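J.: Sequence:
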Amino acid sequence: MTIASHSNAKIAVIGECMIELSQKGADLSRGFGGDTLNTSVYLSRQVPENELAVHYVTALGTDTFSNEMLDAWQREGVKTELTQRLDNKLPGLYFIETDASGERTFYYWRNDAAARYWLDGENADAICDQLAQFDYLYLSGISLAILNDNSRERLLTLLKRCRANGGKVIFDNNYRPRLWQSIEQTQAAYTAMLACTDIAFLTLDDEDLLWGQKPADEVIARTHALGVSEVVIKRGADSCIVSVDGQTVDVPAVKLPKEKVVDTTAAGDSFSAGYLSVRLLGGTPTASAQRGHQTASTVIQYRGAIIPQEAMPRQ
1 MTIASHSNAK IAVIGECMIE LSQKGADLSR GFGGDTLNTS VYLSRQVPEN ELAVHYVTAL
61 GTDTFSNEML DAWQREGVKT ELTQRLDNKL PGLYFIETDA SGERTFYYWR NDAAARYWLD
121 GENADAICDQ LAQFDYLYLS GISLAILNDN SRERLLTLLK RCRANGGKVI FDNNYRPRLW
181 QSIEQTQAAY TAMLACTDIA FLTLDDEDLL WGQKPADEVI ARTHALGVSE VVIKRGADSC
241 IVSVDGQTVD VPAVKLPKEK VVDTTAAGDS FSAGYLSVRL LGGTPTASAQ RGHQTASTVI
301 QYRGAIIPQE AMPRQ
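With the first letter of the sequence shown counted as 1, position 252 gets the number 252 in the UniProt record's numbering; the numbers rise by one all the way through.
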């Protein structure tokens, strides 16, 4: 698939940001995070605004936490004009418990979070009209999972409108079983989603959990068969595999000593951001994957989803 890069392109990242609490020993810290928000921040940090403007699309409350979120995103260069504010809702919350090896367990309070209702707000139709004209729309399996059936159908309609106008859709599978009623419901939703996707980021562990364990080449073939042009298989600390235009490349990850791995939160999200920061500006799949690995390997050396700006790798 050829990526047509041009100045003043726009990408909308659609999803949910939550209040993040993380603990190490007796220390408790508060921040903000969510898979798509993490991607939008790391993407914004790595692309010139005049080449690719990054917008975040969600819904928040009118509370202090929501105000702080918006301020933080704007400081990162993420545009928030398409984020709605709902008077009677609040952001979700999650707690990260991290073990000695850096692996983490998540606990969520999000059943009535504002982001679930972004397609129900009074400005939703006008926002969808704008999004249909964007160059790129990015979302994840969590972006799908938090919506009810009607909102999910509205979202799929939006994605098809955008593609009909020449835009491209990017999807990260990010499967979280607890957010779905059944595996059959998830499979149906993902199948419909991939049928209107141009670039798919697939974490292999999530694919195995959803469809049953299969070799990577079978996962790639299955995804291409649904109409996806570019498939990126993420395999954690192992190499990633990119399949596009009949060509497959295997790109090694950055190897870190175990003691350097502090927290794997946002590893996959930041990989996707690094990949897109090169790919959407016309870079090759190999160069894009190398940037993805570089970004992710830096992020996991710090605690929390969003690392300090000064810790970002030099490009």
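One or more of the hints may lead you astray.
Below, in silico cross-link-like pairs of lysine-lysine (DSBU-like), each with a Cα-Cα straight-line distance of 35 Å or less [stated by the list, open to error]:
1) Lys-160 to Lys-24
2) Lys-214 to Lys-260
3) Lys-160 to Lys-214
4) Lys-255 to Lys-24
The calculated label-pair distances, taken between Cβ atoms and stated as ranges, are [as the list claims (entries may be wrong)]:
5) Thr-62 to Thr-248: 16 to 24 Å
6) Thr-284 to Ala-100: 20 to 28 Å
7) Asn-165 to Ser-7: 31 to 39 Å
8) Lys-260 to Ser-182: 24 to 32 Å
Source of the hints: derived by calculation from the structure; they are not laboratory data.
Values in this document were obtained by computation on a predicted structure and should not be read as measured data.
Note that beta-carbon positions come from the ideal geometry of N, C-alpha and C, so glycine has one too.
J.: Which of the numbered hints above does this structure break?
T.: 1, 5, 6, 7, 8
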